[in-house]
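Chemist: Chains as they are written, first to last, in our numbering: chain W, 1 to 192; chain L, 1001 to 1192.
Certain hints may be false.
In silico lysine-lysine, BS3-like type, Cα no more than 25 Å apart, as pairs [unchecked claim]:
1. L:K1097 - L:K1057
2. W:K97 - W:K57
3. L:K1191 - W:K97
4. W:K191 - L:K1191
Calculated from the model, a selection of chain W residues having no Cβ within reach of chain L, i.e. all distances over 12 Å [to be verified]:
5. P7
6. R15
7. G31
8. A99
9. A105
10. L111
11. G112
12. E117
13. A118
14. V146
15. R153
16. R179
Read the hints as simulated data drawn from the structure, not as lab findings.
Note that CB positions come from ideal geometry on N, CA and C, so glycine has one too.
Single-letter residue listing:
Protein chains: 2
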Amino acid sequence: MSGHFRPVALAHASRLINHGPTVLVTSAHAGRRNLMAAAWSMPVEFTPPRVAVVIDKRTWTRELVAASGAFALCLPGPTLADLSYAVGSESGRDVDKFARHGIVATSGPVLGMPVLEAGCAAWLECRLIPETHTEEAYDTCFAEVVAAAADERIFSGGRWSFRDDNIELQTIHHLGAGRFVRAGGVIEARKP
Amino acid sequence: MSGHFRPVALAHASRLINHGPTVLVTSAHAGRRNLMAAAWSMPVEFTPPRVAVVIDKRTWTRELVAASGAFALCLPGPTLADLSYAVGSESGRDVDKFARHGIVATSGPVLGMPVLEAGCAAWLECRLIPETHTEEAYDTCFAEVVAAAADERIFSGGRWSFRDDNIELQTIHHLGAGRFVRAGGVIEARKP
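Same shape as in the complex, but just chain W:
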């Protein structure tokens, strides 16, 4: 962990993807590694922190995840929109996308998954919960978050803070075909 990244308490980990950001799914096994973009992920539980993410069964990422039983979700900011679209449109089966795109990854503290920090708001290291039926029928992989960290300039004390001075860390949300919207414009609902 480097720069502005700080550990996130596991009880707060699901909040990192509560608002539906696009994520980069990173994976590694036996000396190979990969990353892909995924628009389809969500928390399913706060405690223990559990998530679901859709990873197409034809992808190299799925093979690595099945082999290692692990992956990480990294939350790219606006400066990584081009990269997110690129790594969602090519396979890592025959090429190391990290090398191709000059991506620097460090190792997650629990499972050793590659995690990205530069240009990202946060990452979550996840242990797969094998669910053969939903993986086959819906490409939906369930996992438990075992470590998480975030850039303290946008997430600290278990809370997101979207401000004018941290736009480059704000999460991006994929509309389709390479068009993203940035989360921003905070709305504070009246307490019921």
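Could you slot chain L onto chain W? The hints should help.
Modeler: Frame of chain W; chain L shown alone:
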């Protein structure tokens, strides 16, 4: 369907929640109806359009969904942030939340689920795909979208269009504790 709402082709329905908006889950059975907010939903397939949504098994909504085998997802805009927070914080077991909050709902065309249009960007009428294990273990309900519609001022031709003149229809994304971010600030990624 009224006002600016137009049918969305089923092949485009999953795009409506591709970017992770907060949704209102509506349900009805045997003369009772309910709505609640859910931050946790995602598409799992484009064709046929299928979604997953987390609905706590202790909720009245889950009982209605189990009984009817159906629900709808409605996408509130910023003017419904207070309502979204309110209906996510109270149970409809003993009160009709539509009446309490003065919410006008119409009936979905295929399953008759209550759907909201005023203040919303879109709705999806969904038929539950019974999956006992994931419903129990992760409160995760899978469903197939059987009808969808959107306000043509923000979604038409199968595409979202977030602009300065439709801010009040832009989707909201829950950060937690009643704080939402509005999607906006379109980023067009370079074609890979």
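Chemist: Tell me, in ascending order, the numbers of any earlier hints that this structure violates.
Modeler: Hint check: 4, 6 and 16 fail, others pass.
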